[in-house]
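K.L.:
Here is how the chains run, residue by residue.
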Amino acid sequence: MGVSIVPTLRVLKPAAMMVAVGFVGLLIGYFANAAFFPGTTPVQPIEFSHAVHAGDYEIPCLYCHTEARRSPSAGVPSVNKCMGCHAIVATDSPLIREVARYYENNEPIPWVKIHDLPDFVHFPHKRHVAAGLECQECHGPVETMDRVTRMAPNEMGQCLTCHRDSEVEHGIDCLTCHK
Amino acid sequence: MARSNALGLFGGPKAALAAAGKLRGEGFESLDLISPIPLHGVEEVLGKKKSAIKRFTFFGAILGGLGGFTLAAGTAVLYLHPTGGRPIITFPPFLIITYEMTILLGILATVLGFLISARLPVFRERIYVPESAVDKFAVNVACDAEADFKRATEILREAGAEEVTEIAPGGGQ
Amino acid sequence: MPNVDRRHFLKLVGAGGVGAGAGFMLSESRKHPVEHLVPYPVPPEEFSPGIATWYNSVCSMCSAGCGISVRTREGRAKKIEGNPAHPVSQGRLCALGQSGLQALYNPDRIAGPLVRAGRRGELEFDPTTWEESLAELANQLELMRTAGRGGGVALLSGGVRGHLASLLELFMGWLGSDRLLHYDFNHPATLYAANERFFGESELPYYDIENSRYVLSFGADFIGHWLSPVHHGLGFGRSRQARDGIRGRFVQIEPRMSLTGAAADEWIAASPGTEGILALGIARRIVDQGGYQGEDLDAWQAALDAYAPESVAEQTGVAADTVARLADSFAETQPGLAIGGGATGNHSNGVDALVAVNALNHLVGNIGVEGGVIFNPPPAFGPTASRQASLARMLELAEDARAGRIELLIVSNANPVFNLPEAAGFAEALAEIPQIVSLSSFLDETTAQADLILPSNTYLESWGDDTPAPGVGFRVGAVSQPVVEPLYDTRATGDIVLELAHRMGLDLAFPWPNMEEYLKYSWREVWSSGTPDPAIPDFDTFWTSVVRAGVWGDDTRAPSGEFAPGANVVEGIGVAAPEFAGAEGEYPFALHPYLSNALHDGRGANLPWMQELPDALTGVVYGTWVEVNPVTAEQLGVQEGDVVAIESPAGSIEAPVLVYPAIMPGVVAMPIGQGHEQYGRYAHEHGVNPINVLAAQTEPDTGALAWAATRVRLVPTGGREDLVKVSGEARELGREIVQIAAVGAGAGAGGAANARLNSIPITVVNT
Amino acid sequence: MRRHEDIKFADVNNDIVRSLVETGPRYYVTLAIAVLITIACFFFPWFYQLYYGIGAAGMNHPTVWGTYLASFIFWIGLSHSGTLLSCVLHITNSEWRKAMYRSAEAMTLFSLMVAAMMVMVHVGRPWFIHWALPYPNQMELWPNFRSPLMFDVMAITTYLTGSSIFIYMGSIPDFAAVRDRTTGWRHHMYVLLSLGWRGTDTEWHRLGWAYTFLAVLIIPLAVSVHSIVSWDFAMSIVPSLHQTIFAPYFVVGAIYSGTAGIVTVMFVLRKYMNFEHYITKVHFDNLGKLLLALSLIWTYINVVEVFTGWYSNDSAELESLRYKLFGFYAPLYWEMILFCAVAPLLLISKRFRTSFVPMLILSIAINIGMYTERFLIVGTSLSRQYLPDSWGVYVPSLVEISILVGSIAMFCTLFLIFVKIFPSVSIYEVKETLPAPDEGKTQWQEATH
Amino acid sequence: MSLIDDFLARWREYRAPGYYEEFDYHWTMTVDLDRCTGCEACVTACQAENNTPIVGEEAIARGRHMQWMRIERYWEGEYPDVKLRAIPMFCQHCDAAPCETVCPVSATYHNQDGLNAQIYNRCIGTRSCAVYCPYEVRYFNYNNHHWDAPLEQQLNPDVSVREKGVMEKCTFCIQRIRQAKDAAKDDGRRRVQDGEVQPACVQTCPTEALVFGDRKDPESGVSQMLGNERAYTVLEELNTDPSVVYLKKVEADA
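Chains as they are written, first to last, in my numbering: chain A, 16 to 194; chain B, 133 to 305; chain C, -4 to 762; chain D, 110 to 558; chain E, 579 to 832.
One thing to keep in mind: the hints can contain errors.
Said to hold, decoys possible - Below, in silico cross-link-like pairs of lysine-lysine (DSS-like), each with a Cα-Cα straight-line distance of 25 Å or less:
hint, chain 1, residue 1, chain 2, residue 2
1, C, Lys26, E, Lys742
2, C, Lys6, A, Lys28
3, A, Lys194, E, Lys742
4, D, Lys398, B, Lys146
Said to hold, decoys possible - Pulled a few chain E residues facing chain B out of the computed Cβ check, cut under 10 Å:
hint, residue
5, Asp584
6, Tyr592
7, Tyr698
8, His724
What the hints assert, rightly or not - Distance windows between CB atoms, simulated:
hint, chain 1, residue 1, chain 2, residue 2, range
9, A, Asp180, C, Glu724, 52 to 60 Å
10, C, Gly168, A, Arg85, 46 to 54 Å
11, A, Leu148, C, Phe42, 21 to 29 Å
12, B, Asp276, D, Ile526, 48 to 56 Å
13, C, Arg400, E, Asn722, 22 to 30 Å
14, E, Asn722, A, Glu170, 23 to 31 Å
Since the hints were made in silico from the structure, they are not lab data. Just so it is clear, the structure is predicted and the values come from calculations on it, not from any experiment. For each residue, glycine too, the CB sits at the ideal point set by N, CA and C.
Modelling step: build the complete structure from the supplied sequences, incorporating the hints.
P.N.:
The structure is reproduced here in structure tokens:
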């Protein structure tokens, strides 16, 4: 009878292998989901292309998202605003006809939210626009996207890094962002 | 001849210690006593042993203390949260953290020191007699030559060993 | 790997697969749920998501008429604050006013027109449409009108002022009915009568507490709920600490310490109903001491002859030297102010007592002067004749109903079934009326009896206007505008009336399509009554500016100076001993009901904030209790939480005892407001309604309900009901939590700073 | 019954291996009951509380801490005697320790685990409890090391680590002994646990040193743990909690209740694991003496606590004291005095100390009294603070009581599992108390028989 | 190594107990007890502004009221010489707040405006801050609260709705302070002027008993109130150094 623990380790090897393989599988599954199904590129009710509007035609972000300049929330343009141009432009496109249908029925378009902060966060677009931040810094290169994707996690660390680096006054005080 | 071991099994600690003392007197340096209980007086027979454990404990504790204070003070400094009108680096509470971390790392280092100095865990088989975990006291002598082995066996027998076996080096029983 | 056989390999694949699946699900569970961004199809003007919009309006939670500013975000009302430009509230607002939001967003609001399906009072209603119900009702009204039976229509509304009152007046006039009544439990009818008698002016005067140095209040809980609590609060605060070196002194006389009594420098308990006698005792002392030197001194001496200190002391329970001290200090400290109201006015001798209080003001020369009683100009608009219904008038209406003289009753935000004593028999009388139409927003006890419910908007969804009463010493008119879109399928009261008139073919008499247009039309008159202002060239500019500001009027108070009462008034001064329903031997305690600070006369009971607002003096929430003096409690052998039956000649209710340190031993007090049987989830099944044990005792001059004139006895039932309280021990135990300073301390620069910071300049749109 | 001096070395191995390997139906039934009670009384109410919120418990506005925290202190306290006593006795070479220390240490370990569970039950959002640990995170935020609660986190982590290591180190030779006698999965388990221990003189020497170092480190640690727990209270400025005496008060109370706990556990082991000849009257006698001394110290500190409050003549202190002594919970206070100060005076009698059942009853009574003490510390002090308007009364809810019962069952479950894995009486140390095969009586036997 | 250099360079600062002296503002409220009537308009204002839940009768009976602002009432004397003394009690925003030190996760701390901050989403609910607070002004969410539809439409979007297991308390209406600072920045100003920001309770107080402002501005109304000889703080002996200063009630002799 021996004292070495090696024989026992041999006996345990298959089980340990299974645990190890299972754990690796867990990691793969987790990150595969995050990588392939990030849910950061939802399908919108109308296939609005930022690449066309903001990219090709170089319409400034704040032209449609007017409120970002003066309000905490950036706001989504109303159908009314869409029709401001599309009453004349590209009226026969099927997508625009869809928009026109919403307009005629006086219905809002149920856009799916992409950049969603928790309810306990106070993020005033106004201040960030006033500080001269480009929209792309948080939202990514939206002007190149046909369908908008959330590029950054929009988590606390991201805010802190920027607030630290750009020396925002009391930028890392909790009450600056948490309500 | 290759090195081999003589292993004598004794019924009691006195006899085993006596055998060990005699063997040592005869110049056998590589002696192991395997016993079910720690033996008193083994140091008088086999000479004082030194262990590095205390150094592990000491440096572990020091590391823990420094680490504890650094942890507390560093956390306080890296994200300033002034509380209760106290300074950012406050000694009384941080000393508690230091104290606890000192002990924690002291303990962990002691364990590490124990494992290293006692050469545990065992991966390669070593000489062992299961009876020595019950009520037998074994004296294991490493012998370089055949003559030594015989002499050792003799001494063990004389000292009252109930049984003496030869064990090939590195092998089990 | 050589030593991995096939079976083992499969096991490993299985483990990996399970792990991957678990990881996938874990990742999935950490994802945000899908949220939508829903913009307006066509955004309203001035709208910006994330930015608050403020609208000025008028509070309708009580009759004070405070101006309010309502904060809205994304089309929803979020907060009500006082309108800083409004001279009554000056940016401030009471608890009840602020909880108007919960009237708007009350989960128990009636969401659309309903028609009765079961028997009356069974609360079975079927939804109906406005079109159908209005057509039918208009048809019925038109038939009655053309048949000359228009007088059979009665309209009972809550306290209504301004052009809505005018509109109702006009409508009932066209119907040919004079049964237009406003019923408000808290309406100070006896105060109007006393002012009419003493001053010859039936308007409520302005009590200039702010500039007064001595306020002597007889039963008026003017900080709690009496007349215009917010404005009185402002005056109180400023009289206390806003003047350099001057701190107004304030004495409250009442049998049970009210919120106002608690704030007073001195609280004096006088037997219920004898406050007027005490006032005359003080008056006599002032006259005796030569404090009054008018020409009609002889007449006064004669009138006050019966009020010698000893006899006053005996009747009121206030020591003679206290009377003398009060009189001397009141006469000495100028300007001073005597105020009477509350239980003092609602007793069998109410009008006489209030006249006596007015007389005190006259004797020390406090009428028409700053810091005293200042007369108000007539309201800028609205009907002049009062339609306020006294108990006597309501009893008459009940009698008419029983006699079959009323065919149709329209109730609009009034709740007489709850607010009239059971002894008045109003609920039974309702049963005799063939058809009842309710325009109330909530299913209260009266609306529960209705055959047709045409729910009205709350005041935050309606157009209206108001002239505060009491005024502030100068003309003020305020416009209330809808701050949110109507939440449900409801309509404003004015719009309902106009629609009915149109459907009745009265288009010529009612040419306005809706209330807003009617207001605009009416306010042209207001505009032309003012002094022309080059900055406001036309009516539309005027109207826009008034709606924006929420208020219009003058901004100066003109003290009128000299005043002298008629000789016959002086002659008639005198206060009889109070008469109670119930003999003293049989019913040993005088019942002192009082309006709860939060629930008012019960209208606040459906507002959860008000239900959870701890009672200002006891800390109790959600319940009714009966307050007794500690000595009385000991005599009765009851402790807090022991249920007693409160029995009066008119009925009996049960409530737990609360031992209250500041009430006279012979008096028990109960808060009004709870005990609803209907009125939504927050109101019903909490407490009892003490109005139900009141005898239908009236004040003889006005016919007003003398609600302080009922005697009761307390019979312990042996039951227990722990009062729900937010507070623990009510004694300080020497811990100096509330610290006390001597008079004169700290009224220096700090006081002035406070005044500077807080007094918001009254910016009034001038015409 | 065999007498102590009749026991042979081999008997020890046999008896103890039998206690591990041979398991009767009575054990399984007991274990099943304990597990069921744990699930039904601990986990079920806890899950309900997770769903509903802490409102499932009876806490309210002034008294925001309740029985969960009282239980936490209780379990931490119970953990105190095991390892601490074992360490003290080890470095002072007390022979009588050797038969009982293993299970005493196990008691430490498991009551610490249950205490940690009580923390999870106590906090409002246990799903964020990891925020109290310093680990790298994207929020760039670490815990507040100024907080007495963080001291707790650190101290308990250290204590749990320390006492697990201590009990494990002491068991290595025994695992080796058991390893040689078992087969199957048990054998593999003991192979791993024993790390290949052989019992050479070098190994014994290293173990002896390491064990002593650990003992020296753990004694101050154990004292710090319960004084830190007391600081959760004493660092506040709540009247009657803000006291300098609190740290020794808690430490003494902890050792007191822990020692009583050992008596209970010893009784149970002796009775149901057939260790009559290992755990003897001597142990009960010695523990009884210790209990008596501790009870006197505890009583003294308790009285001193009343004195300081009374002499302060501070309204808040006095009221707090009055409420405790004569208020709503006065019966509990006097029950505590009866159980923890008066009843232990019986220990003066040697006959009492050496009677097993009376000792069991007393030890349970002491722990009931000690639980009451913790409950009163939490439940009454917070109800009577500075502002009288905020006074209130706290009454535990059914959920809280159920979780308390469940936590006891959880402790029992853990202990039941322990006795089947760890040799609950130390094989090699018991042998040390026996005469070696070629010796006469040991000193220990000379002294005690 | 710059981290260590930085650390050593700022050592003195890190060791300074008067760290607060360098704060931008020191928001302070004074309560004139001689003006306060106990009418509780402030209580409702606070409840409306800060989404404080409606807890229901049963919860209040169990001592779980949640109003951040409460009026404490103390009776003095016996009938007929009886007086009621009322005192509004809410978070005192102590400079030496006992609650701040005890939070294990820094969910409550002192910010640079002298506010005692409570970060709801960081709170793990140990409730120790409520134990340490001698003013009893911290309220715990014993369960999730519900607003019967459509009452939830009133909720203030600038303030979080707190979930179960979270401690909450008066914030001096941080959302209003934030808004005022925002407005000041829009105007190109660095500081908020006196009177630009008022918490809901101060705004509504009918007797103007409450004054709010920045203590650092010697001209502010609140600074002048602090100079009043009646000024005192509740439980001064505990050295919590509150930012809420009360002015003694004046009691005249009869």
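K.L.:
It remains to establish, for every hint, whether it holds in the given structure.
P.N.:
Hints and how they fare:
1. Lys26(C) to Lys742(E): Given pair Lys26(C), Lys742(E) holds - Cα atoms ~21 Å apart, limit 25 Å.
2. Lys6(C) to Lys28(A): Since the Cα atoms of Lys6(C) and Lys28(A) sit roughly 13 Å apart, the hinted pair holds (cutoff 25 Å).
3. Lys194(A) to Lys742(E): holds, 16 Å
4. Lys398(D) to Lys146(B): Roughly 36 Å separates the two Cα atoms, so the pair is violated.
5. Asp584: The hint holds - Asp584(E) has a Cβ within 10 Å of chain B, the shortest such distance being about 9 Å.
6. Tyr592: This interface hint holds because 4 Å falls under the 10 Å limit.
7. Tyr698: violated, 16 Å
8. His724: At about 33 Å, which exceeds the 10 Å cut-off, the nearest Cβ of chain B leaves the hint on His724(E) violated.
9. Asp180(A) to Glu724(C): 52 to 60 Å: holds, 54 Å
10. Gly168(C) to Arg85(A): 46 to 54 Å: Since the Cβ atoms of Gly168(C) and Arg85(A) sit about 51 Å apart, the hinted range of 46 to 54 Å holds.
11. Leu148(A) to Phe42(C): 21 to 29 Å: Taking Cβ atoms as reference, Leu148(A) and Phe42(C) lie about 25 Å apart, which means the hint holds.
12. Asp276(B) to Ile526(D): 48 to 56 Å: At 50 Å between Cβs, range holds.
13. Arg400(C) to Asn722(E): 22 to 30 Å: violated, 56 Å
14. Asn722(E) to Glu170(A): 23 to 31 Å: Holds: the Cβ-Cβ distance is about 25 Å, inside 23 to 31 Å.
Figure legend: structure checked against the earlier numbered hints; hints not met, in rising order: 4, 7, 8 and 13.
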